[in-house]
Amino acid sequence: QPALTQPPSASGTPGQTVTISCSGSTSNIGDNNVNWYQVVPGAAPKLLIYTNNHRPSGVPGRFSASRSGTSASLAISGLQSEDEADYYCAAWDDVVNGLVFGGGTRLTVL
Amino acid sequence: EVQLLQSGGDLVQPGGSLRLSCVASGFDFQNFPVTWVRQAPGKGLEWVTSISAKGNGYYADSVKGRFTISRDNAENTVFLQMNSLRPEDSATYYCAKDYVTVLPVGILDYWGQGTLVTVSS
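In the order they appear, the protein sequences are chains A and B.
Following our numbering, the numbering of the first sequence begins with 473 at its first residue and continues without gaps.
Following our numbering, the numbering of the second sequence begins with 583 at its first residue and continues without gaps.
If you're looking for bench data, these hints aren't it; they were derived computationally from the structure.
Owing to the predicted nature of the structure, the values given are computational and were not obtained by experimental measurement.
Watch out, some of these pointers could steer you wrong.
Cross-link-like lysine-lysine pairs, in silico, DSSO-like; alpha carbons within 27 Å at most [claimed, not checked]: (1) B:K646 / B:K636; (2) A:K518 / B:K636; (3) B:K625 / A:K518.
Same shape as in the complex, but just chain B (with noise of 0.2 Å):
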């Protein structure tokens, strides 16, 4: 069974710092690529991330220079570490596993539980 399980969202000041943890099971983690999806409160879903099967990150605008993307084959584990966070961030944020294998496609078909992350004073 595949599964996603994440952890590591938290209250944070503005400007501080957060490291998402999203551990993954029941597949061949190293060949699949996974993408970060956040919701913020009342709102939509707005793409964050997305680590290819080899290493390599795709970031929105939003958030270029600011967080980063990355992964433990070894653990089967992908990391959001995010830097100099804004009100804005505060989002519930999800990990999802790509449907197909090396570069992300968007076709997430599974999901994490989510994890809620607050930036404020």
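The following block holds chain A by itself, in its conformation from the complex (with noise of 0.2 Å):
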């Protein structure tokens, strides 16, 4: 069982605001940053969003996410069918002292 709860799907058509939620605990999002990973079937993993909210060189604006306590989300506004992909969440665990992921969250563009 992930230590980070993610719903297994969303969806949303072109041009909505789709949001993903993350659900930790204290020890790891409560105490530490969350980081936000997309991965297309067939390849790598990309890292989407980093420190709770900054997103690295090439990752369009339109991508934005947030943390609160222990949750976190990522937003995906003006929705693309290129951004179907799978999405996760990650922070560092200070109990497990290691990377704990969300069991991800299959995003579906109708």
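Make one complex out of these two single chains by using the hints.
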């Protein structure tokens, strides 16, 4: 069972805004920064958001994220067909003394 | 350009061993932690192990005592030695570089291409 909880699926139509939640505990999200990864089937994961709300160079501004308490969320605005992928939240866990991931959310663009 | 080139994946019998390699280029390798993450078919991402810049290893409970991570800074290479392999270790294994120096924090900004490990008789 993943340490971080995400909804298994999300969907939206082009142009819409979709939000994906990520729930953890005091030992991970409550005490450490959250990062988000995008995984297109057949490709290596890609860092999408780091340190709660920072976008690496090349990631469109349509992607934003936030963290509050033991939860975090990723928002994708102006949804595009190319956004169809699996999204994972992750954070360092002080009890595990390692990285924990959410179970992943499959985003479908209708 | 930062690159991580992986090798070593194979089909192995339960109880067997395998060593994965991850050769890095394009950055000051000796100063950055490296992490291995795996993804079983149809499953999510799972952290396996990380190594700090100084060579300290961190392990998931599922692999502790069976897997060993190491690094050779002279060769810009990280190794994952996997012993006592089980069918549930079957997955695509990715190595990834951490964004920050010295200690791993899980900001994995560059990833290898992945290598498939299949444990089956």
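Hints the structure violates: just list their numbers, smallest first.
none
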